[in-house]
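Both chains are given apart, each in its own frame, so use the hints to dock them into the complex.
Single-letter residue listing:
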Amino acid sequence: MKPLAPVEPGTRAVLGVSFFLVFFAVWAAVTFGGLVPRTFLADPLTMLQSGWTLLTQHGFIADIGMTVWRVVGGFLIAAAFAVPLGVLMGAYKPIEAFFEPFVSFARYLPASAFIPLLILWAGIGEAQKLAVIFIGSFFQLVLMIAVSVGNTRRDLVEAAYTLGALDRGIVTRVLMPASAPEIAETLRMVLGWAWTYVIVAELIGASSGIGHMITDSQALLATDQIIFGIIVIGLIGLVTDFAFKAANRKLYPWAQLK
Amino acid sequence: MRRDDIALGSGLTTLQITGVGKTFAGGTVALQATDLAVAENDFITILGPSGCGKSTLLRMVAGLDTPTGGRITLDGRTVSGPGADRGMVFQSYTLFPWLTVLQNVCFGLREKGMPLAEQHDIAHRFLAKVGLKGFENHYPKQLSGGMQQRTALARALANNPRILLMDEPFGALDHQTRELMQELLLGIWEDERKTVIFVTHDIDEAIFMGSRVVVMSARPGRIKCDIPVPLPHPRHYAMKTTPAFAELKARLTEEIRIEVQRAAGLVQP
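If you read the protein sequences in the order shown, they are chains E and S.
Counted from 1, the first sequence has number 294 at position 167 by the working numbering; the numbering is strictly sequential.
Counted from 1, the second sequence has number 275 at position 230 by the working numbering; the numbering is strictly sequential.
Pulled out of the complex, with its shape left as it was, chain S reads as follows (with noise of 0.2 Å):
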């Protein structure tokens, strides 16, 4: 398979969102009834202004919020709660800090059953991939916020989701740190071949990660556009500063920039 089959992805689908809204307990609509089918090795963003119901749409699919009306299924089994199939890396710092890094990406393997010596395999296999290597025995607390999130993501990785889910996972990290860690992240998913959603707010990063954008509108959420994304893999971040990505993002900038003003209350929607 050449690298650019990969961000086509196979064409099965994996994930199938239909008609999935939610409406909170006050009546106010967080996500009018959404479609969107996710292929097999797919990498999609979510793309949108702050309170579009992005989040929302990823909690969902994770089973951790219950749509209000729609069907959400993973290889055509519906979802009704959490379950290890569906890997999920937070914005917020969301490892245990009571456990070491080893036994943070252990976690789940051990809520499987799976002997000791197996998890350690899997953990130091994972670790080392998202650099990590020495940091074995270390707590949370001892690690910078960008180390923390590449354990986040290696105890997500090691459970083999079927589906990775990341709600701006780099949100909280500084510009520089959040570039590496992009690649480091898009590297992991040339070679494992994962299916993920990517929520952001970054225009650069929705582009540079994703193979497919979409775009959501403000408040009420629904889906506005889905923009696939023509680039090539592997990706270097060099890819930046190319007129094709450059195009793309003046594209997405117009998009989003109306959402945005419709958010902040500027133009009437």
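Extracted from the complex, chain E is given alone in its bound form (with noise of 0.2 Å):
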């Protein structure tokens, strides 16, 4: 091993793979072995075998669809009032110097302590979900998304302005496009930010969604269960996030050249 020398892909994917058969072989160790209680921590058979019966017979489908639903819903909302306001605050110092410092105040808001607030104006229903991921998500996109636009490299505004562009060419020809890859990658950070806040807000108040099959089965002391919505969770997000990076290469391409 050398600093920072590159790893070949095929290695890379092995290498990857084996740190889950380690975390899985550890898992099993402690739990077969006997060194964990059982009522604390399933075992990895267990749990899968739990979680089969729970997708085929008690409709965790459609929890997990409820919960996709809510994230992408709640995200969508944010981004599409964050994206425009943050290319504003990006591109118009006067717009940021409006907004960035309550956005900044804002966000260190946290989202989860808004529940029991939201609960009272919207009830448990969708409205309160959704409205937990917009606080949470909103503030930290408009200004990751401002930043990403106010650095926009000066030399080649300057080229847009001695080649006839107007303010208006320079927002939609120059600081959009250039900023771009860096707003996808911000969405894709943040998308994964909101899956933190929706289970929280099932966990407190909800009918349905992972996030309350996780709270009915810690009344039932169902270890396996919980953890089976834990790793649902980490794989929808894996995948997620596997799609996102997919979309922004095949979108950017010019942003991958080195």
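Treat the hints loosely; a few may be bogus.
With a Cα cut of at most 30 Å, we get these calculated DSS-like pairs of lysine-lysine [said to hold, decoys possible]:
no. : chain 1 : residue 1 : chain 2 : residue 2
1   : E       : K220      : S       : K157
2   : S       : K186      : S       : K157
3   : S       : K239      : S       : K269
4   : S       : K178      : E       : K377
5   : S       : K269      : S       : K285
6   : E       : K372      : S       : K186
7   : S       : K285      : E       : K385
8   : S       : K186      : S       : K174
9   : E       : K385      : S       : K239
10  : E       : K377      : S       : K186
11  : E       : K385      : E       : K129
12  : S       : K239      : S       : K157
13  : S       : K269      : S       : K186
14  : S       : K157      : S       : K174
15  : E       : K372      : E       : K129
16  : S       : K186      : E       : K129
17  : E       : K372      : E       : K385
18  : S       : K285      : S       : K174
19  : S       : K239      : S       : K178
20  : S       : K178      : E       : K385
21  : S       : K186      : S       : K239
22  : S       : K269      : S       : K294
23  : S       : K178      : S       : K157
24  : S       : K269      : S       : K174
Keep in mind the hints are simulated off the structure, nothing from the lab.
This structure is a prediction, so every number in the text was calculated from the model and none was measured.
Rendered as structure tokens:
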């Protein structure tokens, strides 16, 4: 091994998968070996079996669908407002000066702490879940997008001006395309955080969803089901992350060039 | 018109710089009040040590910086901001990385609202001129530095500016590539008869390219002398070894040397 020396793609895949195997091996060892009582931690096999039961007999698929719908919905609403505002703040400094201090403050307001308030306002229905995700992701998105747009290379902006671009052209033909890959990357990251917020919202007050299944299982001390739920969340996260990365590569081939 | 006449220009003033100076907010004088007249079809090289304000002067002509005094007029109209009538090629690579070579060259034409077919006609013509036929669909990062600057030149020329401003455009290139680029640009200038202001700190480049060399003094910058280059066109690289060239180079080396020493703090101003 040499510092910063690249690793072969094949070796990279093998190494990446092997840690998953190590993780499961250690888990199997401590549970089957009796080091940890079953009440506290189910073994991997029981987890898979009860996961299968959840999916086939208890309609867990519907819970997963519900949670995915909430994350996607809340996140899309947040992005629909955050992207235009972020771009405007990055491009126009007075707009940034107007919003930035408040947004910086608001992003430190913990979304989960709003849940009791939101239940009071919106009940435990879908509006409350969407609102939690919105609060959790909107302010982060706005700030990060504004920074990406504001960091556009000045010499590119100047080149566009000398080619006759007007202010509108600078925003739509330079600032936006220049920061598009970074905006996409920000969306990918914040979508990951949105997953955390939806589960917290479902843990506290919901009648469906992965988080709801986890709270129900807690009452039954069904650690196998809880772990299965957590792993499902992890897998969905992994899949969306890969999909997002693949889409970004496809949409912005120029940004991959070295 | 004989080729020699091109070098002397038609005599009509295209760009007039009158008493233009720049003082930064901290009180540092980047450029003292400067006068310069640029004639139609002229190729002026501005030569000076680093920090002499030569780039500042060019950026003010481009409208990217605002003078703190004086007036710049192009065809009698006062320059108040950047515009398509003053094309610029920068020292840094400023092609838009998200656009292909062809789209980069079309950038200004599209901004003018020209139909796509017409944009492509013009772009293909200038890409052929800079020797980049076949690279239309490459992204800038897939090109060498020299090719990127040739694309930037095609992009500026395609816009058909009244005057072409070049800020050490070949400064980041290796010596051999730079010499090729000089010949290429000179050939294009001899064909297109554009008015050009070319900033450089390379004496050979200043003489070889220019019909006039404007020498600037070290900070605070001002025009020290304005020397015509009586070499005929078309110019060939072999000209760099002629006695006439060597004589001019010796003179400019003296002029510049004292300024570099002053800039380095080796002699009192």
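Okay, the hints, checked on the actual structure:
no.: 1; hint: E:K220 - S:K157; in the structure: 27 Å, holds
no.: 2; hint: S:K186 - S:K157; in the structure: 26 Å, holds
no.: 3; hint: S:K239 - S:K269; in the structure: 25 Å, holds
no.: 4; hint: S:K178 - E:K377; in the structure: 26 Å, holds
no.: 5; hint: S:K269 - S:K285; in the structure: 24 Å, holds
no.: 6; hint: E:K372 - S:K186; in the structure: 21 Å, holds
no.: 7; hint: S:K285 - E:K385; in the structure: 37 Å, violated
no.: 8; hint: S:K186 - S:K174; in the structure: 21 Å, holds
no.: 9; hint: E:K385 - S:K239; in the structure: 35 Å, violated
no.: 10; hint: E:K377 - S:K186; in the structure: 17 Å, holds
no.: 11; hint: E:K385 - E:K129; in the structure: 22 Å, holds
no.: 12; hint: S:K239 - S:K157; in the structure: 20 Å, holds
no.: 13; hint: S:K269 - S:K186; in the structure: 40 Å, violated
no.: 14; hint: S:K157 - S:K174; in the structure: 22 Å, holds
no.: 15; hint: E:K372 - E:K129; in the structure: 28 Å, holds
no.: 16; hint: S:K186 - E:K129; in the structure: 28 Å, holds
no.: 17; hint: E:K372 - E:K385; in the structure: 17 Å, holds
no.: 18; hint: S:K285 - S:K174; in the structure: 24 Å, holds
no.: 19; hint: S:K239 - S:K178; in the structure: 22 Å, holds
no.: 20; hint: S:K178 - E:K385; in the structure: 23 Å, holds
no.: 21; hint: S:K186 - S:K239; in the structure: 29 Å, holds
no.: 22; hint: S:K269 - S:K294; in the structure: 16 Å, holds
no.: 23; hint: S:K178 - S:K157; in the structure: 24 Å, holds
no.: 24; hint: S:K269 - S:K174; in the structure: 36 Å, violated
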